[in-house]
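Residue numbers (our numbering), protein chains in the order written: chain F, 1 to 362; chain L, 1 to 516; chain U, 1 to 356.
Simulated from the structure, these hints should not be mistaken for laboratory data. Please note: incorrect hints may appear among the correct ones.
Below, computed lysine-lysine pairings styled on DSS-like, alpha-carbon distance capped at 30 Å [said to hold, decoys possible]:
no., chain 1, residue 1, chain 2, residue 2
1, F, Lys154, U, Lys245
2, F, Lys154, U, Lys95
3, L, Lys133, U, Lys95
4, U, Lys157, L, Lys140
5, U, Lys245, L, Lys287
6, U, Lys157, L, Lys110
What the simulated footprint calls covered on chain U by chain L, stretch by stretch (three residues with Cβ under 8 Å from a Cβ of chain L suffice, anywhere in the stretch; the number is not a length) [as the list claims (entries may be wrong)]:
no., region
7, 218–230
8, 278–291
Derived Cβ-Cβ restraints for the label pairs, each shown as a range [as the list claims (entries may be wrong)]:
no., chain 1, residue 1, chain 2, residue 2, range
9, F, Glu67, U, Arg237, 50 to 56 Å
10, F, Gly115, U, Lys95, 30 to 36 Å
11, F, Asn174, U, Lys95, 28 to 34 Å
12, F, Thr247, U, Arg252, 34 to 40 Å
Note that the Cβ used here is the ideal one computed from N, Cα and C, for glycine as well.
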Amino acid sequence: MKDLLYGDFLDIALGGTILGTGGGGSYGAARSIADRVLKRRHVRLLDPKDLHAGSQVVSTAAMGSPEVMLKRPLTTETKLALDALESVSGRQFKHVIPIETSGYNILACLTSCVGRDISVIDADGAGRSIPRLGQTLFHAYGIPFSPFALADHKGRTIAVSTGDFPLSDRIALNALEYYGWLAGLACFPMTGRQVRDACVPGTISLARQVGAAVREAIQSAADPLLTVLQVTGGMELIRGKVIGIQTETDGSYTFGTLRVRGTGSDSGSAVSIKSMNENMIAWKDGKLAAVAPDRICYIRPDGGPVTNADVSQGDSIHVFVIEAQQPWKSDVALGLFSETLSAMGYNGSYVAAVRRQVGAHN
Amino acid sequence: MPFKIGIDVGGTNTDSVVLNSANRLMAKAKSPTTHDVSTGIENSLRLVLERFGKDRRTIRHCMLGTTHCINAILERKGLDRVAIIRIGTPASDAIPPLTDWPEDLARAVKFRCFLVPGGNEFDGRPIAELDRKRLQGIAKQIDGKVRTVAITSVFSPVRPEHEIEAGRIIRNGVHHRISISLSHDVATIGLLERENATILNSSLGSVSRHAVQALRTATRRLGLNCTLYLGQNDGTLMDVASALRHPILTVASGPTNSIRGAASIAGVQDSVVIDIGGTSTDIGLLKGGFPLESARPAMVGGVRTNFRMPDLLSLALGGGSRVRPGDRVAIGPDSVGYRLTHEALVFGGTSFTTTDVAVAMGRCKLGDPRRVSSLPRPMVAAADRLIQTMVEDGIERILTSPKPLPVVLVGGGSILLGNRLNGVTRVIRPANYEVANAIGVATAEIGADVDTIMTYSTTPRAEALRKVRQQAVERAVMSGANPRRTRIANVEEIPITYLPGNAVRVRVKACGMLAT
Amino acid sequence: MKEWLVADDLETIALGAPILGTGGGGDPYLGKLMARAAMSRSGRVPMISLRDIPDESLVIASAMMGAPTVFVEKVPSGGEPVVAFRALERFLGRKADATYSIEAGGLNSTIPIGTAARIGIPLVDADGMGRAFPEIQMVSPSIYGYPATPMALADEKGNVLLIRDSLNNRWTERFARNATIDMGGSSMIALYPLEGWQAKRALLPGSISLARRIGHRIRLAWNEKTDPIEAVLQATRGRELFRGKISDLERRSETGFARGIVRLRGTGAFDSQDLSIHFQNENILAELDGRRVAAVPDLISILDSETGAPITTEGLRFGLRVVVITIPSHPKWRTKKGLELVGPECFGYDSDVPAT
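With these hints in hand, go ahead and build the complete structure from the sequences.
In C-alpha cells:
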C-alpha cells in the first residue's frame, strides 16, 4: 500500500495523458482535477496482488464531451456516482479502479476516494484509453457493467440495473445530454478475483513513472522521448511535423486522420494515424505500422503532452508505439476493436508492432 | 370484346350484373339471398345469364362480394380451429390471445395458444431472440391436430422477419398440410386488433374454400369459363388465391361495393352516396373512387379489429318510417319495413309513412294519391321539410371539407328526397341503382395496402416512401394486378407522438387493373 | 371509507376517464384489460378514500409513460409495474401501503388498479391531476415541492432504472422521457412516493370514483335513451361551453406532440358564433369569437353531440357535431404555484385564465 500525494497526481496527469493514446481527456482538464480536488489530499494505492478475492471493487470515471471536460472542471461528479451506486445497490465498496489509462480518468477515479476509507487499485480496465465503454477488458471478460450509476455535481443521480449492455450504453450516452455533457460514472461492480482476472496491472504506477521521467528529462535537458521509451519498452515511430488534420464529429466521438511528415533522421518518411477519439491504427510509408490494442502515443519534442483534441497543423510531434499488454492477447479482447478498425478500412487481424526491449517493462 | 359478371350478396337479395369492358350494363338480375348463400348466388347468376343471352364464353371475369365469411363468424358456424402463436415474450403476456372475445366465438376458433420469445421494438431491434426450438416443439405438438395457424409477432408490420421465419419453421416441422396466416399480411399496428384479425382469418379457411368452390361449381355448371375475384373490405378485388389466403379481408365488401357502385353508375369519383331503404338510410362518402374510412376500431363478430371499414352514417329514416304529426312533427325510428306495400296510407293501409308524405307532396306517384289528398297541407310540408333536413344534416356530417359535392341517391326510399338539397352541387339518381352493389364489385380494381412505421432519421423520407410504395405495388401484383397497370392510389403519413427520430406511420394503397 | 372495485367498475371507469382526459390521456382499453386479468386472479381491489389513509403510511403512484403507439403494439407483460414498485420499495427500505393514479384522465386511471391487484394493496381514490396533462411535473404534489424521485422505470425484460435524486421535477420528466425511449418507447413507472400526510395534503381526492360516476351515468343515459351530455354535466360540475360543428382542423406535429387548432361553427343557441380550441395532445384553451372563455388548468372536453362519447385530438374530424364542455379544475391548480406548473404560459400562451 502506498500513498499518492500531490506531486504524484501531477506526474500521473502528465504521464497518463502521454499514455492516453491521443485521447482520454486533455492534460489541462487532468491538471485541474489535481489542483482543485486532490491538492491537499492523499490516496492509498493498492497493488492488485494484495487484493483479497472477495473484496468489493467498483470502477469509477468521468464521461462527457471533450469541450465540456475542458471548460467545466470535475468536482464531485465521480464521488456522487459512487455514493449513488452504493445507496441503490446496498453494496459498500472497499476499492475503486480506473476504467482506462489517461491522466484525466485516473485522477477522476481518485476523486471518488476523497474523504472515504477507500483505496485505489494500481491497475485499470484497459491499460490505455478507449472510446467506448464496451471496449474495456472488464466487458470483454464478461463482467457485467450494471448496476451502474451516473451523477453530476448538482446531485442529480440515476442508477440502472439491466443485463442488457447495449441498453446501458445507450442510457449512459443519452443521459449525458441531460447532465450538460459531463457526468460521474460508477460501474462494473466486481469482486477482487474478477478484477485480478480482467485488469491490466500496474498502470497507475506506470503513468506516474512516465510523468516523473519526463519531468526529470526536461529538468536535465535529456530527450524526453527516449526516456519514455526506456520506461515503457516502446518503439519510436516517427519524429516530425503535423502536416494534415481531418476531423469529423458524431455526437461524443471525433473521427480523425492525422498526417505527420518526418524531420531530421526521419525525413522522407510519413505516418498517417486514424483515430476515434483515441488512436486506433497507424501506417508508415504506406505499410501498417501499428494497430489497436497496441498503443499509438504522442509526445511533444519538449516533453509536453498532446492529444488529438489539441493538436494543430504545423506542430512538431513525436509518435511512438507500445505493444499491448498480455491481458489484451486473447481473441475476445482483440475483437473489441474489429468494428472500429473495419470502419477505418482495416479488416485484418491484430499484428504486434514491437518486440519487448530488454530491461524495460510494461 | 370480353364481358364481366359482378355478383353481390346482400341481406335480402343477391344481385348480379353483366358489364362490357367499358363498364356498360348489359344485363341485371336480383334473386333472394338463400341461407346457404351459394344457392342464391347460382340462382342470380342463372337469371342474369339468361337475360344476357350472348355467348357465355365471352365472359372473361367474375367478381363476387359475398357474405359467406361474415355469416360464419356471426353464426359461429363452419369455423376452423386455429393454433394461435404469439411471438413477443417477455413482452405482451399481460393480455394473452383471445382476451375480450365473445366466449362462444373464442371456443369455436381456439385450438391452443402459444407464447414464444421474440418480436421487435418500434425501431426494429429484437425484443428477444426468436425461440426457434420452441417453435419446432410447437410444430410437433400441432402436427396432424390442427389445419391452420395464426402467427402474430410484436411490431411485425415494421419488421416481419420473425413472423416469416416462424412460419417457415412450422411448415418445415409438420408432416400434414397446414395453412399459415402471418399477421403482417393481414392488418396493421395494434397488437390485439391485428392478432384478432389474423385468428379470424385463419378460422375462415374452410368457409372461404367452400365459397370459392361454390362459385366455381356454379360458374362451370352455367357454362362459364372465367377468372374469379373476390371483393375486399376497401372496395378493391383480390384474386382467388389471395382471397383463400386472406379471407378476413373480404368480410365487409358489401357496404363498400354499394357506395362505389352507385358512384360508378353516376360517373363521379368524389361524391356523397345515400342509400335509402325501407327502415334506414346509409350515407357514405367517396373520395377518389374509394369510400371514406372510419377511424374507429371495426368490430367483427364482437371482436375488436383495426380494419378500415367504410365510414357509414346511418339514419333512422326509410321509406317505411312512421310519421307522427303533432306540435312538432316526428319521424321514426320505427318503420313498417317490408310491409310498406300493405300498410302505407297510399296502399290502403292505416300507417302514416314517409312514402305517404312523398306522394302527398307530389314527389312521386305510388299507390292511390287520393288517399293522402286530405292530409293537412302545413303538416305534410313540415314532415317533408324534416325528411330533407335529416338527410341534409347527415350529408353535412359526413363531409370532410367545406367543398360541396354531388350526391348519388340510390335505394327504394330515394323517392322521399327532392332534387335540391342543401350543401350539394347536384342530385344524381342513376339508372340501375338497385344493382349498384353488383356493379360496384364488377368495376373494382385489384388493390393492396401497406401500413407500417418508418423512422425518417434512419431512412430518409424519400427513400422510405419509395420502399413502402414498392411494397404496396408488390402486394397488389401478388393479388392479381397487372404490374404494368398498377398505380399508387393513396399515400398517408401520420407523425407518431412521443417517439424520436421522426417516426411516422406510412400507409400506401396500390391499385391495378386485372392481370388477365 | 373502503369499498371494493369489481370488474364492472373497470368498464365505467374506462368509459368516464377519457372525459377527464380533455382530448388526451390515452385509450384506457388495454389498461382495463390488464387490470381485469389481474383482478381475475386476485379478486376485488380495495379502494380507500384519501382522508382514510394513515399519516405514516407510504403511497406510491403507478403509471405508464411513453408512446401510445408502442404501448398498443408491445403490450406489457404485466409484471412491470410491480418491478418498478419493488425497486422503489427496496431503495426506500419499506413497502408501499397503497398505490394511486398520477393521472385520472385516460389510460393512467386503469393502470394503478392492475398494480393494486397484482401487489395486493389498496388503491387510493385520488390522483395527481384531476385530468390529463402531458408531463410528469404537472401534478399536484409538485405544488408542494414534493419530488417525483426516487422514481423507478421498468420494462418487460426486467431492466430497471432508478432516478435517485433530481434537481427538480421538470428535469426528472425530461430525463425519464428520454430514458423511456432508450427502453423501447414505453415503460411502467413508480414515482412520487408520499407519506400519508403528504398525500392528504397534495393529492386531488375522489378522482377514480368521479371517473366511474361519469361512466356509469353515460351508460345509463345510453340505455334509457336520455341525454348523455346532460348526464356528464350532472356527474361533473361542468357546463356546456359551446355546441356546433367542426368547420376547420389544423394539425402539426412537433417534437412528438400533436399540436393544432380546431374551429367550430355554432348551432342552435350558438348559431353564427365561432369557437376555436387550441390543443397540444390535450385541449389547452378555447376562444369564443376571439375572446378566451376557458383555459388550462380548467378542463375542456369535446363530446360527440349524440352519444356523449369524448373525442380525442386524434379523433377530431371536419363535420363532426360536438358539444364542448368545461369543468373547473381543482382549486389547487388555480394557486400561483399551480399556475406556474400548468397554466397557459406553460404551453406557450399568455397567462389569462378565465373565471369558471
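If you draw a straight line from the CA of Lys154 of chain F to the CA of Lys245 of chain U, is it 30 Å or shorter?
-> violated (52 Å)
According to a criterion of three or more residues whose C-beta lies within less than 8 Å of a C-beta of chain L, is the region 278–291 of chain U covered?
-> violated (count 1)
Starting from Lys154 of chain F, check that the Cα of Lys95 of chain U is at most 30 Å away, please.
-> holds (29 Å)
Given the hint of 30 to 36 Å, check if Gly115 of chain F and Lys95 of chain U actually sit that far apart at their C-beta atoms.
-> holds (33 Å)
Do the beta carbons of Asn174 of chain F and Lys95 of chain U sit within 28 to 34 Å of each other?
-> Given a distance of about 32 Å, which is inside 28 to 34 Å, the answer is holds.
Please count how many residues of the region 218–230 of chain U have a CB within 8 Å of a CB from chain L and say whether that reaches 3.
-> This one is violated; 0 residues, fewer than the three required, reach chain L with a Cβ under 8 Å.
Between Glu67 of chain F and Arg237 of chain U, does the C-beta distance stay in 50 to 56 Å?
-> Distance hint for Glu67 of chain F, Arg237 of chain U holds at roughly 55 Å.
Within 30 Å, alpha carbon to alpha carbon, are Lys157 of chain U and Lys140 of chain L?
-> holds (28 Å)
Does the structure keep Lys157 of chain U and Lys110 of chain L at a Cα separation of 30 Å or less?
-> holds (28 Å)
Thr247 of chain F versus Arg252 of chain U beta-carbon gap, inside 34 to 40 Å or not | holds (37 Å)
CA of Lys245 of chain U to CA of Lys287 of chain L, is that 30 Å or under?
-> Holds - the C-alpha atoms of Lys287 of chain L and Lys245 of chain U are around 21 Å apart, at most 30 Å.
Given pair status - Lys95 of chain U, Lys133 of chain L, alpha carbons within 30 Å | violated (40 Å)
The structure fails to meet hints 1, 3, 7, 8 from the earlier list, while all remaining hints are met.
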